[in-house]
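Residue numbers (this note's numbering), protein chains in the order written: chain A, 38 to 654; chain B, 14 to 683.
If you are wondering where the hints come from, they were derived from the structure by calculation, not from laboratory data. From the three backbone atoms N, C-alpha and C, an ideal C-beta is built for every residue, glycine too. Among the hints, erroneous ones may be present.
Chain B stretches covered by chain A per the calculated footprint, using a threshold of three residues with CB under 8 Å from any CB of chain A [said to hold, decoys possible]:
(1) 269 to 277
(2) 526 to 533
Only part of the chain A face toward chain B is listed, based on derived beta-carbon distances under 7 Å [claimed, not checked]:
(3) W299
(4) A308
(5) V332
(6) P486
(7) V584
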Amino acid sequence: MSETGSDIRSTATPAAAAPVSALWRLRPYLRPYRLQLLSMLMAALGAEAAAIAIPLLTKSIIDGAITHHDKRLLLPLGLAAAGLGIAEAALSLIRRWVQGSAVAGMEKTLRDDLYAHLQNLEPAFHDGWQSGQLLSRATSDLSSIRRFAGFGLVFLIITVTTFTAVAVLLIRLNWWMGLAASCMVAPVVVFCLRFERRYKILARRVQDQEGDLATLIEEGATGVRVLKALGRAPEAAATHAAQATQMYTTKVSMARLLGSFWSMLDLIPNAAIALILVLGALAVSRHALTIGGLVAFITLALQLVWPIEALGYILASGEEAATAAQRVLEILDTKPSITSVPASTANPPDHGPQRNVPAARSQPPPSQAASPARWGQLSFEAVEFRYPGSAEPVLRDVTLTVARGETLVITGATGSGKTTLLQLVPRLADVTGGRVLIGGRDVRDIPLPELRTLVGFGFEEATLFSASVRENVMFGAPDATAAQVEAALTAAQARFAYDLPWGLDTRIGEQGMALSGGQRQRVALARAILARPQVLVLDDPLSALDVHTEERVTRALGEVLAGTTALVVAHRPSTVALADRVALLDGGVIAAVGTHRELLATQPKYASLMTMEEVAR
Amino acid sequence: MTGEAAPQPAGLQWRGIAAEKVDDVSAPLAALLRRRSRGLLTDLLRPHKRGVMTTAAAIVVASLAALAGPWLVGVAIDQGIPPITSSGDAGPLTWIAAAFAVTVAVQAVATRSFVTMTGRVGQAVVLELRRRVFWHMQALSVAFHESYTSGRVISRQTSDIEAISALFEEGLDSLISAVLTLLLVGTGMLLLDWRLAVVVLAAFVPLTLLAGWFRNHSAIAYRRIREANSLVIVHFVETFGGLRAVQAFRREHRNEEIFDELSGEYAKASAWSSRLNAVFASGISLVANVVIATVLVYGGVLVIDGSMKVGVLASFLLYLQRFFDPLQDVSQFYNSFQGAASALEKLSGILEEDPSVPEPAAPLALPAAAPPAPAIPRSAASPALAAPPAPSSRTPATTLPPPAAATSSALPSFGRRVRFESVRFGYRPGGSGGSSPREGTAAVVLPDFSLDIAAGQTVALVGETGAGKTTVARLMARFYDPLAGRVTLDGVDLRDLPNAVLRREVVLLTQESFLFEGTVADNIRLGRPAASDAEVAQAARAIGAHEFIAALPLEYQTPVGKRGGRLSAGQRQLISFARAFIAAPAVLVLDEATALLDIPSERLVQAALRTVLTGRTAVIIAHRLSTVAIADRVLVLRAGEIIEDGAPADLLGGDGEYADLHARWAASLV
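Required output: the full structure, derived from the provided sequences and hints.
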């Protein structure tokens, strides 16, 4: 396995797996950098070898040159030491230089993949997740992984190698002292294991708390107007402070744990050195060891200390990286439940049972051949939709056909499921029963990009992106000409865009110029119009417009809609005027279909939805 | 304020967030940023003086104990071994070994306590910083948020604060102990042998140059990293805030391109900074190793000449190792240090940013208006909102001027008088990042606007998009301050009212029905945190939201999910309406607050409004003229000026703008 980055998803053993195995599963992301990793490792090992060799040279200088008062030997040995030193520095330069770009690249790929994956997950997934939890995964968790991949991974290998090499050297210098020194590894391992068990829990808790905190921060930022309007900033700050305090508590327990861990890592090797000193002194006094040998031995033994300390650091950062990997995989392991054809046939349990699977599903769709006849026709067949985990379906049995070129307005009380019904068309959500057909093809059989080209959507709450007006309008039609853009803006009564400071190049959206609700809605409408879809789906597109503008838009929209199949949600008689036919949605079914006047006369419920008797007396 | 820049004295120019966009800063600016960051850090650390002292003491003890080791090794070689070899006397060596054992134990205890202490102090500082920044962000004006963008607000409080937290977690102790070790080891080496020490000190010439070079470059690198990081966050937040539109318009691919670019810039910035780091760290290694070789040769010569003992050379060599190791540590941790430093620069900038809508320095109390004005006026006339709770439970966490708090009771409200006195206002265009110095080019929305709304009056504002209706509403809620003139509440300039009082008296409800994480009840209670469950349900009933809430799986305790995902737009609007109803302010401003409701819901809301607005001042903006029916007075706005003003019936009778609007609207109903 593990050929490519996307591979890890198929090897998914969903969630719950141990953090370390989660980290291990991310290894394909390091694959493109294996040469770099290898060279890092080689350079690091070389540097470490040089660092170990220097004390050995020291020994020969003290024992050889100095003890024998041989000045001639001193210089070449000194030069050799300097040479080794330079080599060490050069190798460490190589290691760090390579490391920086390799792990930054890995983090980038991982972040890009996470982002792309999140974009492909259906809106229902995002509704169920706190946004801060997603954000903290894409930022702090990925940095934890990067830090470990760059530093921890290589050093884990180096530490172990260094330790072994030094231990072997020590044993060769003096076998019983060497053995005594190497034995200190046993208690260290015991402590590390105990530490790891406890640290793991805290690391995960901190990361989850970080996500919760990020959610509060995000709400505080995006909901600032509401908080201000109601004067609830103190309460929001209190909630935030309480959450931040929880994190403080966890972090302090983490520091306490680290404190005792580090002190043990200090204590054990230094105690070993003390022991070596005593043993060594005894050995020297019995002439079993030279003084130079003792100095070299202790210098070398000190080289045993840092791998152990580093091991603690690596362990801590590894633990963080592992739980971070676990959190990231929780996302990457979530398969989009709304996907293009192949995956949706491979993944039937979600909607399999209720699904009225056409016999010809897996053959090259014959419906395509049949489509010209029903081109542009939109139909709902016994559509049922229920939110996961809720007993009552929102839509229970919706059957409805919008003929080619027809404009059908759907109306119904607040919460009757109108918006839900619209979202089924471009598959922002999937039916839980029945099917939705465009031109005779089940929308689930149309590849997503194609489907979303066929269908244009105008949202109730207009979402504009941080980009120029032009780019915002051209989302659905990247190849549109300037004249087409102008026509769409004109139809949507959004010509005001030409008067913005930089005309159509003015940046709007979150990071750009703030537009009023009505202006946003008209730009979004122009976007839906410009896309020239076969099927246009509009969710209360005129709610934020004033009477004048609404009138003008309605008139222009009437022309645009003339040749387009359109499904429009409306609350107002003025918008209903666009309709060829009107459907009343009530209790999850289509209660009635007819013209505005027919329904007004025959359906008391419709009449109550559409008349404002109190005012229009 | 940032931005109104140009003619200001240098220095002031860089107040607040203005310096954020600058990548390669000039020397005086860098110094200013450093000073500002240092000021903030000192301020944050002040309450922890004792903790910092204890920590520093523990670090000193730990370092001293650690340094005693090599010295004791030298002593053992020179004075412990000879007695054994010569006379078999193990006494001196035993003592030395015992001393060594003690230092090891001391070192362990001190290490433990300083790691724990740094954690505690560091996290306390981080907690305080989080609270300050969050609070300050909430205090900053809407205008600030609109130009700074929520993504940046978020990234300041997430990744920037995390960078500071990381400094305390991994950086600070090694920095302190490194400096200490350098000093102590340096002294120790001087005492051991001054000639060798001079060799070592000579190494400081290249080291200082190297450090200077590194400091300059890495400061820039880290600024770049933080900026790139916040752009990544901004784009991330924006994408997933509008995911439905992203998917419906197949924006995924373009978004991936943009994200790839931003994330690539971030990766490049971090790679560059780690390269700087690579050069710095290996530079130190190089100098260190050359010095060790030199000491070895020179020391060897000295020993051979008999002017130095072997033990001294051994100690010296061991010390050398300790001398350069911390420098390596410093370079390792310079990462977190620089990261924290540039995060601190940005955060101190935010904290320095003055709210353009500031709290009054000398707040004025509202007059205890004619018939006794309650702090939270409450309509006894509204059956739906009867039985207010005990006065004390109303306003938690806010400090009120005593007179206002004292009189709060179930007395009927009479609203408050609102006056606009020759108000001039315009928005600044474009402005992202708050650094555009174009104050002069503000597009004027209200050239000279005067309006007097009597207490208890319900006024409808109508007019075309862009006429300035929303601006009037926002000025009333003090989202902005007028450029000239003033807005008063019962004669008191809004700028002189403490925020807590203003928000209690004036509530603005817009079309933006933002729901927060939590239950339906939590969201309604946002209007008045102390409200009981029964009151929450009453408010919901009053505006006709009870039915759909009761049908939810857990009724009022149903979590709304992110941004109220599962609720329809109309339902969300009803919930935010319930919020405003339960807040029951003296002045209620509704800006298109019913736009997304269906007609039956609007009818219910209107029926509720009729009772609730009795005895309250209200301003209603609505494109649907249905709402106007309940108004006492209608104002028609065009281009920031009032062109018609009168009772609805009177205006309807004439042939003015309103009569025309109404005719069109009535026609649209059928």
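So, going through the hints one by one against the coordinates:
no. : hint       : verdict
1   : 269 to 277 : holds (count 5)
2   : 526 to 533 : holds (count 3)
3   : W299       : holds, 5 Å
4   : A308       : holds, 5 Å
5   : V332       : holds, 4 Å
6   : P486       : holds, 6 Å
7   : V584       : holds, 5 Å
The structure is consistent with each of the numbered hints, conforming to all of them.
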